[in-house]
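Peer 1: So the sequences go chain by chain: A and B.
Heads up, my numbering is the position in the first sequence plus 2, with the first residue counted as 1.
Heads up, my numbering is the position in the second sequence plus 488, with the first residue counted as 1.
DEER-style ranges, computed between Cβ atoms:
1. A/Pro106 / B/Asp578: 54 to 60 Å
2. A/Ala508 / B/Asn535: 31 to 37 Å
3. B/Asp536 / A/Asn357: 23 to 29 Å
4. B/Asn535 / A/Phe125: 58 to 64 Å
5. B/Asp578 / A/Phe150: 41 to 47 Å
6. B/Asp622 / A/Gly507: 35 to 41 Å
7. B/Arg496 / A/Ser393: 40 to 46 Å
Some residues of chain A that are not near chain B, with every Cβ distance over 12 Å (derived):
8. Arg85
9. Leu92
10. Val128
11. Thr151
12. Asn167
13. Leu171
14. Leu195
15. Pro303
16. Leu386
17. Leu391
If you are wondering where the hints come from, they were derived from the structure by calculation, not from laboratory data.
Values in this document were obtained by computation on a predicted structure and should not be read as measured data.
Cβ atoms here follow ideal geometry from the backbone N, Cα and C, with glycine treated the same way.
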Amino acid sequence: MPVRNSDLHNDGDINSGDGGSDSAGGGVDGGNQTGGDHNAFGAFDSNASEGDHPESKIPEKDGSGRKVIKTAAAAASVHPRRRMSQNFFLHIHAPKVHPFSLQPGYTLGLGIILGFLFLIMIFTGVLLMLHYTPSVSEAYNSVKEIVFTVPGGRLIRNMHRLASNAMVLVVFLHMLRVFYTGSYLGGRHLNWLFGVVMFVMVLLMSFSGYLLPWDQLSYWAVTIGSNIAASARELTDLLGITGVFDIGGFLQRVLIGGETVGQTALTRFFMLHVVFLPVAMLVFIGLHFWRIRKDGGLSRPDNARVKKMEKIYAWPALMWVELAILIGVVAVVLLLSFFIESPLLEAANPTHPDNPAKSPWYFLGIQELVSYSAFSGGLLIPVLFLYFLISIPYKDKEEEFTGIWFSGQEGLKVTLWSAIAAFAIVVIQVFVFVKWGWLRDWFPGISQWFVLLFNPATISTGGFVVIAELVKRRMGSTRMAALAMFTMAIVALIIFTVIGIWFRGANWEFGV
Amino acid sequence: MERRNFIRRAALTLASAAGAVLGVSFLRQFTRRLGKGNRRVKVGKLNDFPVDTYTFVEDQKIFVYRDHEGMRAVSAVCTHLGCIVQHTEDGFECPCHGSCYDNKGEVTSGPAPTPLVWYRVAKAPDGTFIVNLDQKTDASEKFRFA
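Sequences and hints are given; from them, build the entire structure.
Peer 2: Pasting the structure below:
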């Protein structure tokens, strides 16, 4: 395929869109520094003659000891399977990667682990779908059949549930890694946005799947979830406008198709879980990978030492790394699935909630907040948190901190002090709440406005905002302020989640 | 007026009208459908309800209270997040997040934002008591025995 001069780049450097085509052989050619006859892939240019590119610079063998393909003739002599896999791999990956990005201690491999967990979800999900019936009368029995009758069904279901929990945990950790390494900087704001969208989608996929077994856990978790959606009524009731503007009712109807969880909700959640959300997720994964390529690969610091490091060929180095991670993830999920059983309580009973009726662990932080005020804890604070996440790369543009964990020693100190501050603020409030009660206990008949506006969720948020603003003013740095705010929000979320998991019992009473 | 101007204006007018209709029907989704519907449910006869007792009617998620003077019906759905409350000595308690109500359905503690909803009770000619789930009332109103 003829290569235009405008297609030629410096060796392995991807500065802008590099969706250029490969040559037919998909051969790996050594690039030269002047950008002579190679397109952006460093791939072979069929128009150039043998003498045009210095083959002496191209290694004879690659990292796995195989002969490197240098010419179309050589490429044609390689087995088609190897060419195809290499071709496919190089369509998704850049031809060269920076060794800084390959350090396990930098990315912790979390993104790729997430991708492979999603593959496991799709594979096991398809198998489960063969036996599942999304009807109120049949759903529970079909899940029981999967667990007790279908050969391998228990294992597949365990893998599906385990991988879904792992996805929620890993997407959270991945977000933390990306934030703390300043990887939303350096023009990567759009990819950060895509990431936030995918974070929400992972939670929605997990939540929608939670209803499908139609047991007590499912039914009451989704009942509470849909009433959180309706909790905007708490505000519109106070304002006296529910009669003309019932946004809470609207959100609830969109979510579950009515006022109570029933067949409509199950059909809707099934559609979301197996069609809409996975397809949307695949689209966003594509966008996410596209942005990584456009942004010049994974983030790295912009210093002389890193700049001097030479990029290495993605094939086969990165291929081996990713394959190892794939095998590792599948092995761990498979092994744990033998021992960790997915719960299945008795069939859903709409008149008798479990006591305590707890949502999945990743929503227990929100459930704890919601136990103070449905609107504040369920809508206001989560929406504000999402708004904060989305706004980070637009408020903080201090590029010099890209690619450095915690942005150095100063940032690490800010992070640690913020964590301590958040811990103190949250724990003190909760223990006051628990020991001495709260507003309604002290002032019976107090207006709901006070309950909505002054509770541990809102007071903590207000406190964090004030502290972050003080950090910004004292240190003159938006990055430090972002570190402070993000850390406080995450630590608070973790503490509320821990309280929800281990310190709340029957009737939501606080117990150690 | 030139033909093209006329066509342009006519098209804009029609598009605006269509947009207005769509907009209004969309906004109507947010309007609560209050007062519509007349969900009247039979809950049972007099003997089904012991005196001075709150009887839970499972399929309607309501408590029916009978005393010597009459009958009242209160929703068993917690106004916080929709769980089913249990009746206690002091009133009602929700197992989900600890909301507590007194015997009149007023919130005494916990996160519930509003009191429990009371419904109007009537009696059918055959002696069956009927609760109207679309007609709200307050705790003091009851169906009085003649």
